[in-house]
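The chain contents come next:
Number of protein chains: 2
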Amino acid sequence: MAGIYQRTLNLRAALRHLSPHSTFSSAATVRHSLVGPRSSFLPITTSQFGVCCRKLHTGADGHKLRSPAAAPDRLPFSRITQGDLDFFRKILPGRVITDPDLLESSNVDWLKSVRGSSELLLRPQTTEEVSQILKYCNSRNLAVNPQGGNTGLVGGSVPVYDEIILSTALMNNILTFDSISGILTCQAGCVLENLSLYLEEKDYIMPLDLGAKGSCHIGGNVATNAGGLRLLRYGSLHGTVLGLEVVLGDGQVLDCLATLRKDNTGYDLKQLFIGSEGTLGVITAVSILCPRKPKSVNVVFLGCETFEQLLKTFQLCRGMLGEILSAYEFLDSEYCPFYVVIETSGSDPKHDGEKLHNFLEEAMTSSLVTDGTVATEDSKIKALWSMRERVTEALTHDGFTYKYDISLPVEKIYQLVTDMREHLGDRAKSVVGYGHVGDGNLHLNVTSPAKDPALLAAIEPFVYEWTARCHGSISAEHGLGLKKRNYIYYSKPSQAVALMGNIKAMLDPKGILNPYKTLPDNLK
Amino acid sequence: MAGIYQRTLNLRAALRHLSPHSTFSSAATVRHSLVGPRSSFLPITTSQFGVCCRKLHTGADGHKLRSPAAAPDRLPFSRITQGDLDFFRKILPGRVITDPDLLESSNVDWLKSVRGSSELLLRPQTTEEVSQILKYCNSRNLAVNPQGGNTGLVGGSVPVYDEIILSTALMNNILTFDSISGILTCQAGCVLENLSLYLEEKDYIMPLDLGAKGSCHIGGNVATNAGGLRLLRYGSLHGTVLGLEVVLGDGQVLDCLATLRKDNTGYDLKQLFIGSEGTLGVITAVSILCPRKPKSVNVVFLGCETFEQLLKTFQLCRGMLGEILSAYEFLDSEYCPFYVVIETSGSDPKHDGEKLHNFLEEAMTSSLVTDGTVATEDSKIKALWSMRERVTEALTHDGFTYKYDISLPVEKIYQLVTDMREHLGDRAKSVVGYGHVGDGNLHLNVTSPAKDPALLAAIEPFVYEWTARCHGSISAEHGLGLKKRNYIYYSKPSQAVALMGNIKAMLDPKGILNPYKTLPDNLK
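Sequence lines, in order, name chains W and D.
This note's numbering applies: residue 1 is where the first sequence begins, and numbers increase by one.
This note's numbering applies: residue 1 is where the second sequence begins, and numbers increase by one.
In case anyone wonders, no lab produced these hints; they're calculated from the structure.
Treat the hints with care, since some could be wrong.
The list makes no distinction among identical chains, and a pair is therefore deemed to hold if it is satisfied within one copy or across any two copies.
Claimed, not checked - Below, a list of computed lysine to aspartate or glutamate pairs in the EDC-like style, where the Cα atoms sit at most 20 Å apart:
| no. | residue 1 | residue 2 |
| --- | --- | --- |
| 1 | Lys295 | Asp203 |
| 2 | Lys412 | Asp178 |
| 3 | Lys412 | Glu308 |
| 4 | Lys295 | Glu354 |
| 5 | Lys293 | Asp255 |
| 6 | Lys510 | Asp73 |
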């Protein structure tokens, strides 16, 4: 980490560079992916895993006590027959995959932490095909695992047992784009980065951006209510998604694909499906409100001595950068002070530069920040973001990382890091926090040389209990999926969970959609 | 309308005034209410109306064919007994209103268009009291009409028959405010303007603002998914509301009152209640994300010769004003060109002034705008907004106004005005459109000297059919309430409406919450 110091410019020099009369270069916000495209770690052979999903969760070493994250027993869904295959081959000619090698990458999540044993992958191209598939599966009591880019982190996007994988990969058409309103409609399987590239040519951007953009599908983003790097500025998908087309468990097509900013005619049904992780319906098309492409983007990398200074800097920057602030990320390490990455995006390079200059001068004068660097060009912006990303990458060199995605009142997010450090003492190799200060979202990472059940037992449920005491969320943006479904009560009261169960029963009475996910096992 | 010209400054003069080196005064966005506080038209005596809600809707002149907006027959709810009154007086000492004079203002909507005949008004102060009331009403099969500030425009906020009125007026405490994150939590009965005043002292604002702010309650705003003047900038309540506490029909308290920007633990239940018009539960508390108070606010009033120029001006201004654009409203009249009201709000008065100057210069050079005025001071900003509001007020001088709140693709919003004018010909006194261009929201007004059933028959269903052909919404921000419930199929497919019915049946099986509202009569 000390190397970061050597790579930074002196902040005073940066301030000279940022004089009010200099003009920033126009720079698109291009960042390296936090994770490589899925293909970078494929193919994976079964022998690398050698255990089924349930075993992974119960521990391959044969622990008798099953952890709350362990998969429950297989539910009594039907098994696939030759007749089923015949039916699917008739409606999806050439798009019915049964070859185990081809199925491999869809059975395993990209963290390589869970694996299912599905023997059937379907690749529909149209909503009508999805509808036919689900109608058939519902009547036959066959379980289905809807899958987008399979970049999820909680085991929600892969089968647990032999669920049929329903991939949106071939549903990748852009349907319409209105250049006056900025409203895009597209099929669910469009890759986020492809949508971004399409929009940039039209002077717009997607309202969300995340590390997995090169692989993730917009349908999966909506199904998991993905947060990401632009949430601070453009808000959550509950506000930017204007319409959805969804196929319900029985094959019924629910058309809520409005392209209107305002529509108060009855209950806003689409909201139910945002963040439901494919358990209530399969999203087949999305309409979304896109912001104009900023003409000016700047990134600053700063150091603060204490978390209190970091929060004061945040307040200062919200006041002085105001409407151009588009990211305020932090990362900490046991060996250095706190680092802050601030991004601005706006419509006037000169004005943005002046605001940034004034903010940095004030932050230096008030001794809130100690050092840092300012990126005024595209290549330097990329370099700064990749510096932030390298820190997370560096964690993997420690061996094994236990990852948590916690939402807390902003002023409390760092307390969890220090409390966890104290609580674990020597048992962890390192405890590192980073995340989105602006959203109160902490990514907590605990590393050890290898998987360590004793360490895990020291972390959980400590981390969840701590979060619940502060009325935080045990999953800020990753969702619950398979891995965290039984921890839901730490963040939601039992009445709310029971109501979720009623909604699930109403929309998918046979429970064929993404079983074993999102809702806890002890639900009636 | 011609008077507006005389009151405007010449735009060229305004541009001189707006030279890049001048500084705008810091101005809070204070506007006159579009409507006076409720008390301004009260007390109303029964003789002024003399007809019950159903008669009003079927036409007091005894038309035999009931219009789709007419109230259905009273459902078989219980009648209030002395025992019921005794119970309520015990749990709400001194807050059980049965005096007909005191009930009068709660039985009539502020448009004076519908009236109920409730004989009981309850004024709980706490969530626990609301819970006790609903638990009792549910067991006794007594219908309940939840009521906030009673400023709704579609007859959703008053009883239709003898429903018990449950007022949130005494639930007006602010619970918490976090000055770092800007997250406010408060009881549902807080008046919007009071929340705004509270926040302004802390350098924040509410993310919504509307004409009725002096009377409307935040709970009612959320229950009706109110849009208003800041939606273009801060988005809808589906994005800014972070948590809700809701009491369900059976008295169960659903605590989803999170104060987190990110929380992906299960289905986002609170979304169901946003815009459900009190038919699914009674909102008792709200947590909402508030933006920082802008340091600089400017308002421009411009004239455009054609709607095409108005749209081009909108595009230009989105590009050049970018992140500081906070409103783009238009109004038209048969006697003058189009008027545009543009509001900017930002963090740096000098930068905002420069952006505005450059935009106006470009708009003039390109001959997109013909004339206008710029407000750089608080008093002039108020004067400009009230000029916009006076036009709507002026309509009332024509006699009777038929009002529609339509959402359309932006480029189509004016076509409806011209088509309606052509369609109605001499039958209407005037056809006037105004609204929020930025949101694609048209407020269409048709005036006549008096109520005119033949004119109404010419407007409806023409206006709804026209809107449906363009995939618009027949209620952009006002909701459906009593008056528009049966028009829902113009904007929503039957599958979606059926699903809404299932949700209603699940959450309120006895149907005691705000009956006859939102959902159509022909629902199974």
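Here's how the hints hold up against the structure:
1. Lys295 - Asp203: within (9 Å within a copy, 28 Å between copies)
2. Lys412 - Asp178: For Lys412 and Asp178, only the inter-copy Cα distance (12 Å) is at most 20 Å; the intra-copy one is 42 Å.
3. Lys412 - Glu308: For Lys412 and Glu308, only the intra-copy Cα distance (11 Å) is at most 20 Å; the inter-copy one is 51 Å.
4. Lys295 - Glu354: both (15 Å within a copy, 16 Å between copies)
5. Lys293 - Asp255: neither (29 Å within a copy, 39 Å between copies)
6. Lys510 - Asp73: within (16 Å within a copy, 37 Å between copies)
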